[in-house]
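Those protein sequence lines, which keep their order, are chains A and B. Under the numbering used here, read the first sequence as residues 1 to 392, first letter to last. Under the numbering used here, read the second sequence as residues 1 to 392, first letter to last.
The hints are simulated quantities; they were obtained by calculation from the structure and are not laboratory data. Careful: at least some of the hints might be erroneous.
Stated by the list, open to error - Listed below are the simulated DSSO-like cross-link pairs for lysine-lysine, each with C-alpha atoms no more than 30 Å apart in a straight line:
#: 1; chain 1: A; residue 1: K43; chain 2: B; residue 2: K4
#: 2; chain 1: A; residue 1: K277; chain 2: B; residue 2: K4
#: 3; chain 1: B; residue 1: K4; chain 2: A; residue 2: K274
#: 4; chain 1: B; residue 1: K4; chain 2: A; residue 2: K60
#: 5; chain 1: A; residue 1: K43; chain 2: B; residue 2: K21
#: 6; chain 1: A; residue 1: K274; chain 2: A; residue 2: K14
#: 7; chain 1: A; residue 1: K274; chain 2: B; residue 2: K43
#: 8; chain 1: B; residue 1: K21; chain 2: A; residue 2: K4
#: 9; chain 1: B; residue 1: K43; chain 2: A; residue 2: K308
#: 10; chain 1: A; residue 1: K4; chain 2: B; residue 2: K277
#: 11; chain 1: B; residue 1: K21; chain 2: A; residue 2: K123
This structure is a prediction, so every number in the text was calculated from the model and none was measured.
There are 2 protein chains.
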Amino acid sequence: MFRKIAIIGCGMTKFGRHEDKTLTDLMTESSLEAIRDAGIDEKDIGAIYVGNMLAQELNKQTLLATVLADQLALYNVAVDGISNGTASGGSAVRNAFLAVASGFCDIALVTGVEKMRGSPRDKVTDLIATMSHPSEYVQGATLPSLAAMFTRLYMQKYGVERRHLAMVAVKNHSNALKNPYAHIRKAVTLEELLSEDNPKNPVVADPLRLYDCCPMSDGAASLILCSLEEAEKIVDTPIVIAGIGQASDNPVVCEREDPTVLEALRRASQQAFKMAKITPKDIDVAELHDAFTILEIAESEDAGFFKKGTGHKALEEEVTSLDGELPINPSGGLKARGHPVGATGVAQLVELTWQLRGEAEARQVKGAEKAFSCNLGGFASNVLAFVLARGD
Amino acid sequence: MFRKIAIIGCGMTKFGRHEDKTLTDLMTESSLEAIRDAGIDEKDIGAIYVGNMLAQELNKQTLLATVLADQLALYNVAVDGISNGTASGGSAVRNAFLAVASGFCDIALVTGVEKMRGSPRDKVTDLIATMSHPSEYVQGATLPSLAAMFTRLYMQKYGVERRHLAMVAVKNHSNALKNPYAHIRKAVTLEELLSEDNPKNPVVADPLRLYDCCPMSDGAASLILCSLEEAEKIVDTPIVIAGIGQASDNPVVCEREDPTVLEALRRASQQAFKMAKITPKDIDVAELHDAFTILEIAESEDAGFFKKGTGHKALEEEVTSLDGELPINPSGGLKARGHPVGATGVAQLVELTWQLRGEAEARQVKGAEKAFSCNLGGFASNVLAFVLARGD
Chain A
1 MFRKIAIIGC
11 GMTKFGRHED
21 KTLTDLMTES
31 SLEAIRDAGI
41 DEKDIGAIYV
51 GNMLAQELNK
61 QTLLATVLAD
71 QLALYNVAVD
81 GISNGTASGG
91 SAVRNAFLAV
101 ASGFCDIALV
111 TGVEKMRGSP
121 RDKVTDLIAT
131 MSHPSEYVQG
141 ATLPSLAAMF
151 TRLYMQKYGV
161 ERRHLAMVAV
171 KNHSNALKNP
181 YAHIRKAVTL
191 EELLSEDNPK
201 NPVVADPLRL
211 YDCCPMSDGA
221 ASLILCSLEE
231 AEKIVDTPIV
241 IAGIGQASDN
251 PVVCEREDPT
261 VLEALRRASQ
271 QAFKMAKITP
281 KDIDVAELHD
291 AFTILEIAES
301 EDAGFFKKGT
311 GHKALEEEVT
321 SLDGELPINP
331 SGGLKARGHP
341 VGATGVAQLV
351 ELTWQLRGEA
361 EARQVKGAEK
371 AFSCNLGGFA
381 SNVLAFVLAR
391 GD
Chain B
1 MFRKIAIIGC
11 GMTKFGRHED
21 KTLTDLMTES
31 SLEAIRDAGI
41 DEKDIGAIYV
51 GNMLAQELNK
61 QTLLATVLAD
71 QLALYNVAVD
81 GISNGTASGG
91 SAVRNAFLAV
101 ASGFCDIALV
111 TGVEKMRGSP
121 RDKVTDLIAT
131 MSHPSEYVQG
141 ATLPSLAAMF
151 TRLYMQKYGV
161 ERRHLAMVAV
171 KNHSNALKNP
181 YAHIRKAVTL
191 EELLSEDNPK
201 NPVVADPLRL
211 YDCCPMSDGA
221 ASLILCSLEE
231 AEKIVDTPIV
241 IAGIGQASDN
251 PVVCEREDPT
261 VLEALRRASQ
271 QAFKMAKITP
281 KDIDVAELHD
291 AFTILEIAES
301 EDAGFFKKGT
311 GHKALEEEVT
321 SLDGELPINP
331 SGGLKARGHP
341 VGATGVAQLV
351 ELTWQLRGEA
361 EARQVKGAEK
371 AFSCNLGGFA
381 SNVLAFVLAR
391 GD
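With the rest of the complex left out, here is chain A (with noise of 0.2 Å):
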C-alpha cells in the first residue's frame, strides 16, 4: 500500500564526550552532513523528526525538533519530537518513513540525539530506570540490575559463560577500533576481561561488569528518507528501508512467562522480514543493541539468526565477527561505538547504510546486501526491527 522508500542521505558526529558542543550544535552538526550527503537542499525538506529521551532534563532543553527546524530556517514544515525511551531513534525512523509513505511529504531528516556525559551518573541512571514498569521502578530495578538478573536466568538455562559475554565485548572493541565514530576506540583482551580482580573491570551487577556494559555518549545520527522513485533521480545508491516492525511486551520483566525470551523483538523481526519478503537467513550484516553485552547473544537468537540458546555458541564459533557468515555489530555497536540513547536507533542505519554502499572502510562487510537492526525500548518491552536492502 505504501510507496517504497529509501534512505539517500546520512550523518553522524563522533559518539563520545563533547564537552564543547551543545545538544543543538550536536543535531545540527549530523544533520547539515546528512543533507550535503544526500546532496539535497535543506528546502527540500518536509518534516523533521527528532528523536531524543533526555534532554528536558539533562540539557534544560524540550522541544529539539524546533530549535533544529530554525537551525536549518526551516519554519513551514511538519517538526516533531519522538520520545520512546531508548528505542526513541528507530521510532523517529519509523514516524518518518509514515510521513514519506503516506505522501504527506517527499523528503523527511531524521535526527536522534543525546547529550549524556557531565550530568552524574547516578541521575542518568535513574532517569533510564524510568522506563521499567512502575511497579518494579519503586523497587530500585535500573536497567543494569534488569540486565544482570536476565544474565544469570541465561546462563543458568543455556549454558552461557562469562567467557562468552567477554567475547561480545572483545569483539566489539575491536570492531570499534575501525570505525572514526566509535566513541571507545580500546583494544580490550579476555583475559583482561575475565581476571576477577582488574580494577579497571569492577562489578557493576554481578555477573555484569563495567565491560559488559555500554557507555553514557553524546552524538547525534541522521538519516534523509525520500520515496524509492525520488531517490533513484537524487542518488546512485539508495538504501531501500524495505522491512519495519515495532512491537512491545509485558514491562514487567519478571512477569514475562519465559523472561529469557524478548517476545517484541521476535514479533518486531517477523514483521520486518515479513514486510521485506525475506528471512533471517538473507541478512548479509547485523547491528544489535547490546546495551549489555548479554543482549547481543539473546537478540541474535530471538530476531532469528540462531536456534533459542545458541547465540553464545556461534559467537565463540566466529559467526558473528566482522569476517564471519553474519557479522553483528561492524560499528562496535552499542558497547564500543557508544549510546547516546536517542541518537542510537538512527546509528545503526547509518552504519548500515554505509555497509550496504560499500562504504564502511576498515570495517566493510563484503558484499553486504541485506541488513538488519533492532532497537530496543525499555527492557525490550518496546522493540523496533528494520531491514535495509541494497536496490529495490
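Chain A is fixed; fit chain B onto it per the hints.
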C-alpha cells in the same frame, strides 16, 4: 494522495486533581472510553500513540505507550510516544493520522496524558520553561514571563486593556460551568477580576494575574482514528479530519520580526484550511490554546478569524461567546477546562467531535458543521492546526 481519515471514538477523564489515580489509570480510562465510544474491539487497533511532556520527571515514567499497550493486552502493534512540549497531544494525533493515512494500519488509538498535580509548582514551571530557547531559558524566561511581555506589547500596539483579558476568563469560566469534564467550574465576574486588591487574583507576571493563566491539571483524552471508508461502516457520524497543519517559528521570541504575530500559527492554519479546502469564515466553532488569556485573542486573529489587532473587539462584541457567531472555547479552554499539557491537543479534538456530533449538551454550539483547533508548543514556536468536519 492520502485516504481520508475520520474520528470514530473519543473519551476523556475529568480534568483536575486526581490524587487517587496514577498516570496509567488516567490514560487507560480515557482510552477504554474511546474504544467503547467507537464500538470497536481492542484487537482492531493497529497502532497506539501517546502524547506526553512531563511524565519522565514528574511521574518517573517513560514508556507510557508501552504501558498502555500492556493494559490493553496489545503486543503486536506499533506503539510510540510523542513529545512535542505542550503540543504533544496535537503531534500525537498528526502522527496517528499519518499511520492510518499511509495504510500502515487501519485503526489507531491516540491518547494524550499528563499528571501535574502533587509536584512542586516551581518545578513544573521550570520543566515547562525548557520549551523556551536555551538562550532564553538561562535568562530565567518562563512561559508566564514570556506571556506577560507579549501582553504588554499587545496592549501598546493594539489597545488591548486588562478588561479584555478578564473577558476571556469570564467567558471561558462560564463555558466550563457547562462542561462536566472541566477542571475549574466556578463563575467569575469582570468586577472580581479587575479589582486591584483581590487576594484570590494575585499578580503572576505583571500584567498577568492568576486568572489570566491556565491551571496545572491531571487528565487524559483519547481518540480513535480510522479511514473514512471504514468509519462509515462502523459509526453513524464519523467526524472527518479534513485538514492538518504544522509549522514552527524562531524559538527566541524576542528575535521574531514582530513578536506580536504568531507566525507558526498563521502557517499551520493556512496549511490546514488549504487541505480542507475551506476558509476561516466557514468555521462554526473553535478550540484555541488559551494557556494565557492574551493567547486566545492573538490566536483568534492569526488563525484568520479576525483582522490582526481586532480580536479583543470581537470578544467584547460577544462574537466568540457560546451563542455568538464564532464560539471560541466552548469547553472552557485551557483556562478553565484545564491544561494537562500532553492531553490538551487531544482534548480539544474530543470537544470538537462532541460539538460536531451534537453531543455537547448545555454548551452545544447549534448546527456546528466545521470546527477548528490549534495546539501550541513553546511560546508558539511549534504549532498544530486542525480542521474537523461533520460529513465528507
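Status of the hints after comparison with the structure:
{"no.": "1", "hint": "A/K43 - B/K4", "result": "27 Å, holds"}
{"no.": "2", "hint": "A/K277 - B/K4", "result": "29 Å, holds"}
{"no.": "3", "hint": "B/K4 - A/K274", "result": "27 Å, holds"}
{"no.": "4", "hint": "B/K4 - A/K60", "result": "39 Å, violated"}
{"no.": "5", "hint": "A/K43 - B/K21", "result": "46 Å, violated"}
{"no.": "6", "hint": "A/K274 - A/K14", "result": "34 Å, violated"}
{"no.": "7", "hint": "A/K274 - B/K43", "result": "20 Å, holds"}
{"no.": "8", "hint": "B/K21 - A/K4", "result": "44 Å, violated"}
{"no.": "9", "hint": "B/K43 - A/K308", "result": "29 Å, holds"}
{"no.": "10", "hint": "A/K4 - B/K277", "result": "29 Å, holds"}
{"no.": "11", "hint": "B/K21 - A/K123", "result": "27 Å, holds"}
Of the hints listed earlier, those the structure fails to meet are numbers 4, 5, 6 and 8, in rising order.
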